[in-house]
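J.: Take a look at the letters that make up each chain.
4 protein chains.
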Amino acid sequence: MVGFVSDNVSGIHPAIYDAMSRENSGYRMPYGDDDLSRVLDDRFSELFGAEVAVLPCLTGTATNSLSLALMTRPYNSVCVYADSHVYLDECAAPEFFSGGARQVPIGGPEGKIDPAELLKAMAAIGQPQSAQPAAVTVSQATEIGTLYRIPELHAITTVARNHGLKTHMDGARFANAVAGLDCHPSEITWKANIDILSFGATKNGCLAAEALVLFDTSYIEEARYRLKQCGQRLSKQRFLSAQLLAYIDNGLWLSNAQHANRQAATLAAKLTAIDGVELLHTDKSNMLFVKFSMAQIAALQAAELAGYLYDSGYMRLVCSWATTDEEVSKFLATVS
Amino acid sequence: MVGFVSDNVSGIHPAIYDAMSRENSGYRMPYGDDDLSRVLDDRFSELFGAEVAVLPCLTGTATNSLSLALMTRPYNSVCVYADSHVYLDECAAPEFFSGGARQVPIGGPEGKIDPAELLKAMAAIGQPQSAQPAAVTVSQATEIGTLYRIPELHAITTVARNHGLKTHMDGARFANAVAGLDCHPSEITWKANIDILSFGATKNGCLAAEALVLFDTSYIEEARYRLKQCGQRLSKQRFLSAQLLAYIDNGLWLSNAQHANRQAATLAAKLTAIDGVELLHTDKSNMLFVKFSMAQIAALQAAELAGYLYDSGYMRLVCSWATTDEEVSKFLATVS
Amino acid sequence: MVGFVSDNVSGIHPAIYDAMSRENSGYRMPYGDDDLSRVLDDRFSELFGAEVAVLPCLTGTATNSLSLALMTRPYNSVCVYADSHVYLDECAAPEFFSGGARQVPIGGPEGKIDPAELLKAMAAIGQPQSAQPAAVTVSQATEIGTLYRIPELHAITTVARNHGLKTHMDGARFANAVAGLDCHPSEITWKANIDILSFGATKNGCLAAEALVLFDTSYIEEARYRLKQCGQRLSKQRFLSAQLLAYIDNGLWLSNAQHANRQAATLAAKLTAIDGVELLHTDKSNMLFVKFSMAQIAALQAAELAGYLYDSGYMRLVCSWATTDEEVSKFLATVS
Amino acid sequence: MVGFVSDNVSGIHPAIYDAMSRENSGYRMPYGDDDLSRVLDDRFSELFGAEVAVLPCLTGTATNSLSLALMTRPYNSVCVYADSHVYLDECAAPEFFSGGARQVPIGGPEGKIDPAELLKAMAAIGQPQSAQPAAVTVSQATEIGTLYRIPELHAITTVARNHGLKTHMDGARFANAVAGLDCHPSEITWKANIDILSFGATKNGCLAAEALVLFDTSYIEEARYRLKQCGQRLSKQRFLSAQLLAYIDNGLWLSNAQHANRQAATLAAKLTAIDGVELLHTDKSNMLFVKFSMAQIAALQAAELAGYLYDSGYMRLVCSWATTDEEVSKFLATVS
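Residue numbers (this note's numbering), protein chains in the order written: chain A, 1 to 336; chain B, 1001 to 1336; chain C, 2001 to 2336; chain D, 3001 to 3336.
Just chain A, with the same shape it has in the complex (with noise of 0.2 Å):
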């Protein structure tokens, strides 16, 4: 038992599953050119109250590294968090797909861009020997579980805007944000001028689904290309459809982070009742960061209930949309 380690333990949710069974059968079309992937743009545009166009991706890392090179050329940089996934996690992943634009690490507390670190970053722009900022992006729910408030979103954006940058977002645990702050989703994306989201599915249910959501529909036509000379169009797109659409449709997507962020809130506030067991920057998402004692560890680990353990001495525990109340209860006696 492995199921606090990551939400990416899970499997498919089975409304998903069934609905890639439905699509088993017969033929179809490929490369999108079949009825689920037709109506894609349609559904997201109704689900972000605005017209989008939607690019179907197979992971997290291709989705963010795509969207920023559609912002980027190579003498270009993007500001991202320090210590996010985008950065520390994709192995340089953005820098190839843009062919060698710059990621400039931004600092921050609590896992976020701190708006002012960012406007000094903004000093390169029209010095011909720096690499020129492009390009902003945000992790909503950011790598250590917290979200970023509807008006900190837009103090990084308007800081972009006013110098031209365009504006990412990572939204690998989108739904978990949404969840969250009980916000609308295009409160924290194009109402908040967000211009690219990568919205994951991967994580909250499906089997390897990412939509690369275009609130600037203008990248639509480059876009395309760059999804197939990426290795990212799928001959049997049908498959990759049918799990968006079924992760969207009657607000999987949200129930399955309600869920998710449910079964860690109950974590968190058990948690913080016993003795000598601490949290670090708690926030409304499905993820902790929680010191145990060193006999808790090793009973977490004798159960197979541990999550990742870092130097730190935090262990992360991960809850998904596959998480039971049991494994929570099972959780909790270990370490009480």
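Note that these hints are calculated values from the structure, not bench results. Incorrect hints may have been included.
To be verified - Across the chosen pairs, the derived CB separations fall in these ranges:
#	chain 1	residue 1	chain 2	residue 2	range
1	C	E2051	B	I1220	51 to 57 Å
2	A	S293	D	D3182	56 to 62 Å
3	D	T3334	C	R2038	26 to 32 Å
Because the structure is a prediction, the values reported are computed rather than measured. Ideal Cβ placement from N, Cα and C applies to all residues, glycine included.
Since chain A is already given, all that's left is putting chains B, C and D on it; use the hints.
T.: For chains B, C and D alone, coordinates are given in the frame of chain A:
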């Protein structure tokens, strides 16, 4: 009904779908740290009768391009068949993945590289103003359904080896080639001096699964990082490994291909007998190029049985693991 | 004596050398912030009779590749003459500078792109699996010394414009072309719808100086950063600007080229009169391709007067600004 | 008069100019097939007391970036000082040349990499989601004029060697470092385990010449092709080789640097004695960072003697081979 348009219009073979379903219970560690992923190397080594390393990929374009990127640096060139999929239909993905390595188109009859033409391209070696040939890629089966015979492969790889080039095989329809040649898979790969194989599985029964098979296992370390960097490393890799294992289990890959080839052979035999119908460069694979009368074309289109129609007037017909006897009969009835 | 091997075996013209010497006293601000660099745009604008922006570069390969990189993104292609210098003799530099944009070789007689062949390549436009044509590059003069006539240029750029392609001219021997056609430089550039010109100066009297001339000045901002990023931005730029200004001052660029062309014309006229000597596709530039007898070749080699000898048996002879009447006479005497 | 702004505001040393002039008579074969270019390897091998291979380059940015590209593939990273020229002032050229290799900024006091900080960055090795460290680059002298002592270099290259990294030295001011340390050039290069050196010559008396010196000569074949592909291969290479040979002939490189350092030392000694004037991290090179009063700054600006003024209030002063005693005296008189 669009069943003869391509083999990628088919769905997922039931045995493969079942294997995925079996993986969809409980948790698994991500990124290949699961039981199925761990046996990929061994299982493919058994299949090929040699120690190989396998990287599970998501699309053929990525598999081919990643393979060629491993073999090249930006100042290199890749010798490629002038009308091949890699050269014409992957949106310059190999150039992108390699950071600029030139693709040099090589001619030859019947959709296959002429070793004499390949030899001519070797004249660039040592010329400081020329991109340096570092690899040759062959498609087996070819884009027009022909097959390289074993001695033909040796003729090409001998030129390659004599000039220090590495060798790649685009095996999007590798199974159809093995079925058509009735040989052991080793005979057209490592025994014929192929270094890396793109072992296609999507067209022949999977959802989205290709195996990058390293016969030259010295590439493995670099390959693992590049797999991540190019966005092909799947978090829920178990579902990808499940497809690939089910695909090679019990010889499913081969029996699927034998079925597809047999359907194509039946079509070919019956079409040849029809007055006025003309077949082009037919070989023992799952693909035919057929010239029909305007009336026949119209009838096929009305019955939604038409394949892709080229400017040359030839219609491409592709059979797959899913092509039924009824579909073949209906097709023949429509044009008879 | 190797004077007919190429025009790049010549040295620096005295007037240009003097201009460099004049700059070699006292201090100048670096990176173009000097008096000479500041007037480049104006002086080239006068020369071409249009407002242009100029980037001083160091090599032809960099100038061409940077130009094409400005016009493309990695999923694009560049239409290029199949036997051109850009395609064959720059070690895949355009692919490298552009991060993967494909070069598509186009055929045509007399070393020149056939507009009908170019038109065929436009079929890739809109095909999602094809690299998208974004630019065409022509060499003026061509690699074999022929010249595009003004209507020939219009025929090509009309195809380009009609299909949304940008246009580049590799003018490594631009001066020889203008001299040969006896036209105004504008007539074969912006008036013929050329967007960017690599205005070669090295072969025709400079040390190492090429001007990247933007007729489409919208590229200027990106071009400045890419010039730096690709390592062509010179700190002591005054010496580069001094070369370029002296080169266009008093029509030196043109008189140098006229001299070279005249020497080649003399050679051609006299060689044609010699029994058994055969000239290939001679045009009004500074380059000849001549078939000599074995005895003549041996005599030329003994006298260190031979040009580059091709496998076809033709010898390339190139005259330069430095080719003296004595050298021409000596050459003719050797083969008479 | 802008003589203290940078050493690149100086011109070409007379001995170097004479060497170029001597090459400007008669013809020479291009692209390094001339007498001067042919002896570069031998002459630099003598200088360094080891067999080296030399590639003549045109700019420091290209020399550094080409060096790092030789050491990396796109999934790699380069450890670089956080405030270095390579990281901050080359417009992401290393990322571009390498096709995406990450630059990882490393901190440390006095403008120098702290080996302990470097060691921390090694934690990425073997992490499949992390760009893999493949090289470290040090600037000698540093961007702020400080010098790595020999043991400091060993400390860094020992970390590098222990972790499989290659080592590069940005020697834009290498001569000033050798002069300052009063050591043999081998002691801070190959004897200190440096694999490639960017041996700067432009700032210290050349027009535009840098030698890419390979102590690890296994890079030579690839380096030659990449030199061409990146647009640094000069047709009239004789003029570049003439500069480099004259530069190292009779120890000119060293005496030029000794002169520049001496002028800086004189300035430093005298400025320290002036009340209220404050010097920052002064070392034995040709560069000072000095805090003047507003009145002094105004006086210097009026006299056109000011150096570059940083936001911190410090003025950078750089002496060169061309800095005269009169200029130093005039400067001191202005601020006294």
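J.: Are the hints correct? Go through all of them and say.
T.: Hint-by-hint comparison with the structure:
no.	hint	verdict
1	C:E2051 x B:I1220: 51 to 57 Å	holds (56 Å)
2	A:S293 x D:D3182: 56 to 62 Å	holds (58 Å)
3	D:T3334 x C:R2038: 26 to 32 Å	holds (27 Å)
Going through the hint list in order, the structure satisfies each hint without exception.
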